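Protein chains: 4
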Amino acid sequence: MKCSFQHAVTVRVRYGETDQMGYCYYGNYASYFEVGRVEAMRSLGMSYRQLEEEGVMLPVSHFEVDYYKPALYDDALEVTTSITELKGPRLFFEYTIHNEKGDKLCFGKTTLVFVSKETMRPISPPTNFVELIEKFQYA
Amino acid sequence: MKCSFQHAVTVRVRYGETDQMGYCYYGNYASYFEVGRVEAMRSLGMSYRQLEEEGVMLPVSHFEVDYYKPALYDDALEVTTSITELKGPRLFFEYTIHNEKGDKLCFGKTTLVFVSKETMRPISPPTNFVELIEKFQYA
Amino acid sequence: MKCSFQHAVTVRVRYGETDQMGYCYYGNYASYFEVGRVEAMRSLGMSYRQLEEEGVMLPVSHFEVDYYKPALYDDALEVTTSITELKGPRLFFEYTIHNEKGDKLCFGKTTLVFVSKETMRPISPPTNFVELIEKFQYA
Amino acid sequence: MKCSFQHAVTVRVRYGETDQMGYCYYGNYASYFEVGRVEAMRSLGMSYRQLEEEGVMLPVSHFEVDYYKPALYDDALEVTTSITELKGPRLFFEYTIHNEKGDKLCFGKTTLVFVSKETMRPISPPTNFVELIEKFQYA
Chain A
6 MKCSFQHAVT
16 VRVRYGETDQ
26 MGYCYYGNYA
36 SYFEVGRVEA
46 MRSLGMSYRQ
56 LEEEGVMLPV
66 SHFEVDYYKP
76 ALYDDALEVT
86 TSITELKGPR
96 LFFEYTIHNE
106 KGDKLCFGKT
116 TLVFVSKETM
126 RPISPPTNFV
136 ELIEKFQYA
Chain B
6 MKCSFQHAVT
16 VRVRYGETDQ
26 MGYCYYGNYA
36 SYFEVGRVEA
46 MRSLGMSYRQ
56 LEEEGVMLPV
66 SHFEVDYYKP
76 ALYDDALEVT
86 TSITELKGPR
96 LFFEYTIHNE
106 KGDKLCFGKT
116 TLVFVSKETM
126 RPISPPTNFV
136 ELIEKFQYA
Chain C
6 MKCSFQHAVT
16 VRVRYGETDQ
26 MGYCYYGNYA
36 SYFEVGRVEA
46 MRSLGMSYRQ
56 LEEEGVMLPV
66 SHFEVDYYKP
76 ALYDDALEVT
86 TSITELKGPR
96 LFFEYTIHNE
106 KGDKLCFGKT
116 TLVFVSKETM
126 RPISPPTNFV
136 ELIEKFQYA
Chain D
6 MKCSFQHAVT
16 VRVRYGETDQ
26 MGYCYYGNYA
36 SYFEVGRVEA
46 MRSLGMSYRQ
56 LEEEGVMLPV
66 SHFEVDYYKP
76 ALYDDALEVT
86 TSITELKGPR
96 LFFEYTIHNE
106 KGDKLCFGKT
116 TLVFVSKETM
126 RPISPPTNFV
136 ELIEKFQYA
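Protein chains in written order, with my numbering: chain A, 6 to 144; chain B, 6 to 144; chain C, 6 to 144; chain D, 6 to 144.
Treat the hints as calculated values from the structure; they're not laboratory data. One should not assume that every hint holds.
Copies of the same chain look alike in the list, so a pair counts if it fits in one copy or across any two.
[As the list claims (entries may be wrong)] Cut-off 25 angstroms, straight-line C-alpha distance, at most; resulting in silico cross-link-like pairs (BS3-like, lysine-lysine):
1) LYS7 to LYS106
2) LYS114 to LYS74
3) LYS92 to LYS74
4) LYS106 to LYS92
5) LYS140 to LYS7
6) LYS140 to LYS109
Note that this is a predicted model, so its numbers are computed, not measured.
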């Protein structure tokens, strides 16, 4: 199911997230994207915390980023997260990050997989999640 | 029980652990101390991983560090860990870190507490751990 | 100079900041305290970013935390930061963190030192910072 | 220039690198890959630290990972790094990580760009680096 749900959240670059180049370290974007998708899901009506408490996990199976310009210390970054597709147990996200000047700093993608906490195997997404996402289905 | 078990391990400062001052970020020493105490326990004959698998956790209840000189990118740090005392459910560690030039970079302490994974309450340390540590008892 | 400036900010525990105990890893509080003091200084009228751009750094020389209860995934933590004293080049902070239920999770302290970026030596705090902090002086 | 230089290094998963799923957090692989490529370059005769001291930086412009199986706490991971191509200012790396049981945990790629510290612009790779890498050229 192709869908087009989008949500934006602001994350400020912490000092400990910079490196000696004065850039935000490239690995830290993983955690900004995590904030992006967790808040996107929350705004959709789905708490990731609750999902886990109900026995469903969402590990990442694919992650990629193209970095265009560095994020710098204390930058208030706008992380825009799109849920683009739900395909079997797999959920696809896309992200763009802009700084306050409006520069596009990076574009990223992640694939997450619905997994049962008990069996550690891929499972169908919970019905209530499918219902929430269906509202944003297209084509 | 006062004791004096000491163990040294080398940890190299990663790029992502530096900050824009060009220093190793002050919070990252927590993870160097963790490496220090896990390897100290392993050399004593006690795997922290196995401890957890047997239902015992060791959360940190106190942590302190005095920083004298910065650790820099790519420094091969010598982390010296001392197990100094076992008192009821509490286990006390001390750490010093030196760089390759022999400069003393910091001195730290942590207190850890033996906790049951099931009840989440403090418990007596496992007998086999006490036996291992008793060999280094003094006074 | 003893002073009593206090400021509160909310920080949400990220997934990557938890560990396999399900607790927020003890080293990550360093970065919550950093957020606390940076926002405290900003609310006082002092940007840490600008301070560095003007050639002044504020490395941490002492850090300590007492952990009472674990912070958990997705907890919205209230970090309360107090600037308690300015003594020569040294600036003293205290922190408490509460979760949404009002539980006090930890108490911490840091000492920071005003250092010249050029000489890497301790220096007197910038006059504009002293003026800001003097408003909250007591005794 | 296509090349085929390969190097392996062992990295142990730290407690603070796990998350509450009990997996190594997906963002931490960025730092394992960093260790992989820094040690690969060192074994080739090129210190990344020295490179920076000579005014050359190597920021990451692309990063991607496919995760097959989770890395777990205390796993001694074998990170195998390949330098696969040097094309203008861009240097291409590939990585595979295996655990001690021989399971392939992930496959990743990064693109890094030689950048002048002074101008912050892409530059030709240093001659001594090209000479080192030419020994492993093919086709």
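Status of each hint after checking the structure:
Taking CA atoms no more than 25 angstroms apart as the test, LYS7 paired with LYS106 passes in neither setting, with 32 angstroms inside one copy and 39 angstroms between copies. Taking the shortest alpha-carbon separations for LYS114 and LYS74, both the intra-copy value of 17 angstroms and the inter-copy value of 19 angstroms come in at or below 25 angstroms. Taking the closest pair of Cα atoms, LYS92 and LYS74 come within 25 angstroms of each other only across two copies (20 angstroms); inside a single copy the shortest separation is 32 angstroms, beyond that limit. In this assembly of identical chains, LYS106 and LYS92 lie within 25 angstroms of each other by CA distance neither inside one copy nor across copies; the values are 36 angstroms within and 32 angstroms between.
Proximity of LYS140 to LYS7 under the C-alpha cut-off of 25 angstroms is restricted to the intra-copy arrangement: shortest distance 11 angstroms within a copy versus 48 angstroms between copies. Neither within a single protomer nor between protomers do LYS140 and LYS109 lie at most 25 angstroms apart by alpha-carbon distance, with minima of 29 angstroms and 38 angstroms respectively.
Comparing the model with each earlier hint shows violations of hints 1, 4 and 6; every other hint is respected.
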